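These protein sequence lines map, in sequence, to chains A and B.
Residue numbers for the first sequence follow our numbering, beginning at 1 and rising by one.
Residue numbers for the second sequence follow our numbering, beginning at 1 and rising by one.
A portion of the hints provided could be inaccurate.
What the hints assert, rightly or not - Derived Cβ-Cβ restraints for the label pairs, each shown as a range:
#: 1; chain 1: B; residue 1: Gly11; chain 2: A; residue 2: Gln39; range: 56 to 64 Å
#: 2; chain 1: A; residue 1: Asp95; chain 2: B; residue 2: Gln57; range: 46 to 54 Å
#: 3; chain 1: A; residue 1: Asp158; chain 2: B; residue 2: Leu10; range: 18 to 26 Å
To be verified - Residues on chain B that point at chain A, a partial pick, calculated with CB under 10 Å:
#: 4; residue: Gly33
#: 5; residue: Asp43
#: 6; residue: Ile45
#: 7; residue: Phe84
#: 8; residue: Glu88
#: 9; residue: Leu89
#: 10; residue: Pro148
#: 11; residue: Ile156
#: 12; residue: Trp166
#: 13; residue: Phe254
#: 14; residue: Val256
#: 15; residue: Arg261
#: 16; residue: Tyr262
#: 17; residue: Phe263
#: 18; residue: Asn269
#: 19; residue: Arg270
It should be emphasised that the hints constitute simulated quantities derived from the structure, not laboratory data.
All values derive from a computational prediction rather than experimental measurement.
Ideal Cβ placement from N, Cα and C applies to all residues, glycine included.
Residues per chain, in single letters:
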Amino acid sequence: MTQDHIANRQPPTPQGLLHLASLAFAVVLVLAPILAGAQSVYHRGNTGEPETLDQHITSTTYEAHILRELYEGLVAQNAKGEVIPGVAQRWDISDDGRVYTFYLRDDAMWSNGDRVTAGDFVFSLRRILTPDTGAKYANILYPIEHAQAINKGEQPPDTLAARAIDEGTLEITLRDATPYFLELLTHQTGLPVHPPTVQQHDKGFVRPGIMVSNGAYTLKEQIPQAHILLEKNPNFHDATNVSIDQVYFYPTEDRGAALRRVIAGELHSNNDIPDEEVAWVRENHPEILRTATQLGTYYYAVDHTVPPFDDVRVRTALSMMIDREYLTEEITGSGEVPAYGFVPPGIGNYGEPAYASYRDEPMIDRIEKAGELLREAGFGPDNPLQVEIRYNTSENHKKIALAIADMWADNAVQTSLLNTDVATHYGYLRDGGAFNVARAGWIGDYNDPQNFLFLVQSDNQGFNYAKYNNPEYDRLMDEAAQTIDLEERAKILYKAEELFIRDLPYIPIYYYVSKSLVAPSLKGWEDNPPNVHPTRFMSIE
Amino acid sequence: MWRYIGRRLLGAVPTVFIVITVAFFMMRLAPGGPFLLDRPLPDQIMENLMRVYQLDQPLWVQYTSYLKNIIRGDFGPSLIYRDFTVAELIAGGLPVSIQFGVSALLIALGLGTLLGTLAALYQNRGGDYLVMGVATFGMTIPNFVVAPVLSFIFGIALGWLPTSGWGDGTISYKVLPIICLMLPQMAIITRLTRAGMIEVLRSEPIRTAHAKGLPTRVVLTRHALRGAILPVISYLGPAAAALLTGSVVIETIFGVPGIGRYFVQGALNRDYTLVMGTVLLISVFILLFNLLVDIIYSVLDPRVIYDD
Numbered sequence: 001m002t003q004d005h006i007a008n009r010q011p012p013t014p015q016g017l018l019h020l021a022s023l024a025f026a027v028v029l030v031l032a033p034i035l036a037g038a039q040s041v042y043h044r045g046n047t048g049e050p051e052t053l054d055q056h057i058t059s060t061t062y063e064a065h066i067l068r069e070l071y072e073g074l075v076a077q078n079a080k081g082e083v084i085p086g087v088a089q090r091w092d093i094s095d096d097g098r099v100y101t102f103y104l105r106d107d108a109m110w111s112n113g114d115r116v117t118a119g120d121f122v123f124s125l126r127r128i129l130t131p132d133t134g135a136k137y138a139n140i141l142y143p144i145e146h147a148q149a150i151n152k153g154e155q156p157p158d159t160l161a162a163r164a165i166d167e168g169t170l171e172i173t174l175r176d177a178t179p180y181f182l183e184l185l186t187h188q189t190g191l192p193v194h195p196p197t198v199q200q201h202d203k204g205f206v207r208p209g210i211m212v213s214n215g216a217y218t219l220k221e222q223i224p225q226a227h228i229l230l231e232k233n234p235n236f237h238d239a240t241n242v243s244i245d246q247v248y249f250y251p252t253e254d255r256g257a258a259l260r261r262v263i264a265g266e267l268h269s270n271n272d273i274p275d276e277e278v279a280w281v282r283e284n285h286p287e288i289l290r291t292a293t294q295l296g297t298y299y300y301a302v303d304h305t306v307p308p309f310d311d312v313r314v315r316t317a318l319s320m321m322i323d324r325e326y327l328t329e330e331i332t333g334s335g336e337v338p339a340y341g342f343v344p345p346g347i348g349n350y351g352e353p354a355y356a357s358y359r360d361e362p363m364i365d366r367i368e369k370a371g372e373l374l375r376e377a378g379f380g381p382d383n384p385l386q387v388e389i390r391y392n393t394s395e396n397h398k399k400i401a402l403a404i405a406d407m408w409a410d411n412a413v414q415t416s417l418l419n420t421d422v423a424t425h426y427g428y429l430r431d432g433g434a435f436n437v438a439r440a441g442w443i444g445d446y447n448d449p450q451n452f453l454f455l456v457q458s459d460n461q462g463f464n465y466a467k468y469n470n471p472e473y474d475r476l477m478d479e480a481a482q483t484i485d486l487e488e489r490a491k492i493l494y495k496a497e498e499l500f501i502r503d504l505p506y507i508p509i510y511y512y513v514s515k516s517l518v519a520p521s522l523k524g525w526e527d528n529p530p531n532v533h534p535t536r537f538m539s540i541e
Numbered sequence: 001m002w003r004y005i006g007r008r009l010l011g012a013v014p015t016v017f018i019v020i021t022v023a024f025f026m027m028r029l030a031p032g033g034p035f036l037l038d039r040p041l042p043d044q045i046m047e048n049l050m051r052v053y054q055l056d057q058p059l060w061v062q063y064t065s066y067l068k069n070i071i072r073g074d075f076g077p078s079l080i081y082r083d084f085t086v087a088e089l090i091a092g093g094l095p096v097s098i099q100f101g102v103s104a105l106l107i108a109l110g111l112g113t114l115l116g117t118l119a120a121l122y123q124n125r126g127g128d129y130l131v132m133g134v135a136t137f138g139m140t141i142p143n144f145v146v147a148p149v150l151s152f153i154f155g156i157a158l159g160w161l162p163t164s165g166w167g168d169g170t171i172s173y174k175v176l177p178i179i180c181l182m183l184p185q186m187a188i189i190t191r192l193t194r195a196g197m198i199e200v201l202r203s204e205p206i207r208t209a210h211a212k213g214l215p216t217r218v219v220l221t222r223h224a225l226r227g228a229i230l231p232v233i234s235y236l237g238p239a240a241a242a243l244l245t246g247s248v249v250i251e252t253i254f255g256v257p258g259i260g261r262y263f264v265q266g267a268l269n270r271d272y273t274l275v276m277g278t279v280l281l282i283s284v285f286i287l288l289f290n291l292l293v294d295i296i297y298s299v300l301d302p303r304v305i306y307d308d
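All chains should be built: construct the whole structure from the sequences, respecting the hints.
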């Protein structure tokens, strides 16, 4: 239907258009109050135009926000972001933690009235793992037995260890016990597709009028770069408790404009705000500003193959000299938390992160100690250490880099900056390009420390920018992967993080916060670390 | 005349071909790729993606198959907005951009020539300084400053218009973006008209017209403007191409679903096919408008004669 929609948008003559537009405007003015009374409409600002609404091809969080409205997976998330039963009413987990049996609810329906069956989930899991689907996030599901081999094209998709015992019972067998498997299933890649629609329309199943979905909402209209309109799905099993009738998702690329739209009452919420406006909003419109700690870390990677950065003393000195409290208070200023460990605090299946020993030392002592370390490594005012910081173009990254350069200058470190656009930056890092120090950030895909610590495993070629290679670290990560007991596993992961903080493949700088704008008239928006806000739990007053 | 037009159109074909070729290879020379953004993908996933979108083939194979597809009118799927083809995205955004561009251009042309003529008539007097002051302001203050300020004044402080967004596409959503798009063009046209008019007003034919006792209004509109507007006409080619293909700044700030952003963001996201599609479109626009300008020239200026 979008296609028709586009085709119908012929360029009208300016005059005819003017008449038509003023007429339409008049009609809207008259009708708006009447319509507003009848329907509860949520105007929701959302980062950008989704790259796709195909849950198997998607990769971004702002696509997840839309897909979560359209579909319901085996498990779902509540307003607090916690895992709750979705299509699966309950589930059993075998003693060795490898076999999950999901019991599907009888009243789970697709928007066309079909029942959501275990077979639909089997079809969906096979589809995302089929190499030709080109799924960016297929690896989220690699813990399922044979999933990785299927995605590599070594095995046919029907060998996947997910089977429908009957219409309402689904059994999934994992390669290893994966304690965070239910968390993984909350990712948008775990959402089902409606098999007959996909078979008939292939990639075109995502279009309005064609898409059949099983969530609280259905796709009504999509005008690229303008809006996506969702409408309440009467076939949703919990439809009686869904209060909002329509949701407009707007791609709010310009965050300043989004802020004005929230203030003007045109949007009920937006999921971001320009950093430089946080203080102003806090002062002038405190009622709309929401910040919450998030599962994410902003860090500087250090190349372990480039001398003198292969010297742990140099890396430790650089880390010690960074005054994280100053950066978070004076530069980012939105409530970010100084990071002395790599895993964010408050993450599931873990305790407190392994913090660096100098966390509580005063800056003045840290600078002195760092100076000693640099001297031992052969650097000082006569032979200053030269560092180049690479970062992707952004005002915020630049300010932080400049401030850090200034902090490092306390021990005569000479810093130069190099910025490139984001594709070049990450392309260079991914391809193993040599560097000194490079800015990066990581937002967790699921609520588990493994999702942070796996970044620097030596075989993780795409993510291990630092080219960190410590067999002991790899061994601990493998051991954790084999450990079912959650407390035992947390201890092993903690040991790995201790090594991380000692060796510093990445120098953690701060933990991210999510910043949202929420109008007081929107009820039911709860701040939470996964930053998940399903409309089905909200209402508008 | 027709032979001239035919010749120009034929000459445009190799030009477009060269533009496509250069753009294709320059895009590929840029580091990174469409699937390399904030977080890198595991190797296996990347291989799958490259194969599905046929980016794993040698560059010259991709190039020749791209050319073949273009000749058949197939611009390929967008590599970033994967639910749409490039043709669909452009077909959706172009009418919006054309509507905005044409409105902005017509208003800029009308107001610009009017103001420029007034400024020339009152040269070095109050009216001139006022007009030129406004024009200089319009040219020097960038869009990304004007747009938020206007949006704040009319959207929040006065509450007369929506701050931004497309809404249902009614006129209230279009006023501010069109003004912002129009302002710098109007300023440039004002300056060009003023300069042209001052020169023409001093010329002998105009003095003769005055001497014959023609009313000033007639002298200005029938005779002087025709000569004075020539520099404006030659400026129209690039201006129209720029306006019709949209402005990424205006589109982003006001949430206008035009095609300007596809060009800039397509390049930043390494959306090869989308960039190629917009490059092709813009180059065709520029070639056509330059031709149009040359034709208007021959109509307005009797000294210009094409065809032998």
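Evaluated hints:
Hint check: Gly11/B to Gln39/A, Cβ distance near 57 Å, so the stated range 56 to 64 Å holds. In this structure the supplied range 46 to 54 Å holds for Asp95/A paired with Gln57/B, their Cβ-Cβ distance being about 50 Å. Remark: the range hint 18 to 26 Å for Asp158/A to Leu10/B is contradicted by a beta-carbon distance near 57 Å. Restraint check, Gly33/B versus chain A: the minimum CB separation of about 7 Å is within 10 Å; hint holds.
Because the closest C-beta pair between Asp43/B and chain A is about 6 Å apart, less than 10 Å, the hint holds. Interface hint status for Ile45/B: upheld, as the beta-carbon distance to the closest one in chain A is roughly 6 Å, under 10 Å. A least Cβ separation of about 7 Å between Phe84/B and chain A falls short of the 10 Å threshold, and the interface hint therefore holds. Of the supplied interface hints, the one on Glu88/B holds, with its beta-carbon coming within about 6 Å of a beta-carbon of chain A, less than 10 Å.
Evaluation of the Leu89/B hint against chain A yields a held restraint, the C-beta minimum of about 6 Å falling below 10 Å. Satisfaction of the interface hint for Pro148/B is found here, the shortest Cβ-Cβ separation to chain A being roughly 6 Å, below the 10 Å cut-off. Taking 10 Å as the C-beta cut-off, the interface hint given for Ile156/B holds, the closest approach to chain A being about 5 Å. The beta carbon of Trp166/B is positioned within 10 Å of a beta carbon in chain A (closest approach about 4 Å), and the interface hint is therefore held.
Checking Phe254/B against chain A: minimum C-beta separation of about 7 Å stays under 10 Å; hint holds. At its closest, the beta carbon of Val256/B sits 8 Å from a beta carbon of chain A; the interface hint therefore holds under the 10 Å criterion. The restraint placing Arg261/B at the interface with chain A holds, with a minimum CB-CB distance near 7 Å, inside the 10 Å limit. Taken as an interface hint, Tyr262/B checks out: its beta carbon lies about 9 Å from the nearest beta carbon of chain A, inside 10 Å.
The beta carbon of Phe263/B comes no nearer than 13 Å to any beta carbon in chain A, farther than 10 Å, and the hint placing it at the interface is violated. The interface hint given for Asn269/B holds, since its Cβ lies 7 Å from the closest Cβ of chain A, which is under the 10 Å cut-off. Taking 10 Å as the C-beta contact cut-off toward chain A, the hint placing Arg270/B at the interface holds, the least distance being around 5 Å.
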